[in-house]
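For chain A, the structure is supplied; the task is to place chain B on it using the hints.
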Amino acid sequence: EAAVTQSPRSKVAVTGGKVTLSCHQTNNHDYMYWYRQDTGHGLRLIHYSYVADSTEKGDIPDGYKASRPSQENFSLILELASLSQTAVYFCASSESQNTLYFGAGTRLSVL
Amino acid sequence: QQQVRQSPQSLTVWEGETAILNCSYEDSTFDYFPWYWQFPRESPALLIAIRPVSNKKEDGRFTIFFNKREKKLSLHITDSQPGDSATYFCAAPTNSAGNKLTFGIGTRVLVRP
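Chains as they are written, first to last, in this note's numbering: chain A, 1 to 111; chain B, 1 to 113.
Source of the hints: derived by calculation from the structure; they are not laboratory data. Treat the hints with care, as some may be off.
[Unchecked claim] Just some of the chain B residues that point at chain A, by a computed CB distance under 7 Å:
(1) S43
(2) P44
(3) L46
(4) N99
(5) F103
(6) G104
(7) I105
(8) G106
[Unchecked claim] Listed next, the stretches of chain A that the computed footprint assigns to chain B, with coverage defined by at least 3 CB atoms under 8 Å from CB atoms of chain B:
(9) 43-56
(10) 103-111
Since this is a predicted model, take the numbers as computed values, not measurements. Built from N, CA and C at the ideal position, the CB exists for glycine as well.
Excised from the complex, chain A in its bound form (with noise of 0.2 Å):
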């Protein structure tokens, strides 16, 4: 079954440290996301991609940097992570111009 799974599922990080979020898609598809979801702000854009080894700036890109090594993984990083950065990050794929298929999340709590 065609899936986008994300790892970990949740995770407790230090200020100042490094974090990195996975995603891995079986879908097939050419694009990939990175949404972080907090009360109030509904879903932002932070990176995507549309090839791989080429990645492109969403709307709040400051303070994340993100990896395509192949059309099925996008990771997000976090080099320094900051308590602002604690949120619900979400991965998703799609072909263009089509329907959004996320993953479960991953609940980052930065302390």
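Okay, now just chain B, sitting in the frame of chain A:
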């Protein structure tokens, strides 16, 4: 940066009533406007989308009305059911390819039996 605004932030209706959710956007380079819904502790999922060759898209009890001139959309949920209780997000594309979506903050809908 594209702004997508939704109102109200929360809405309570009785079972069988019609819920009306509103959405507006500043600009769009691509005519594709999806609505996603999200149940508590779950991921967002596509509910219905409109590619406005017409001003209306209907799928069962869910209907999108689109006003391009005013840059507004609304989602009508007729005969609301308790299982419709969820947060609803409107989204609009912000690049010419139509694959970069900006979401609104959502409308939380509660349907009371």
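These are the hints, each one checked on the structure:
no.	hint	verdict
1	S43	4 Å, holds
2	P44	5 Å, holds
3	L46	5 Å, holds
4	N99	5 Å, holds
5	F103	4 Å, holds
6	G104	6 Å, holds
7	I105	4 Å, holds
8	G106	5 Å, holds
9	43-56	holds (count 6)
10	103-111	holds (count 3)
In summary, the structure agrees with every hint in the numbered list given earlier.
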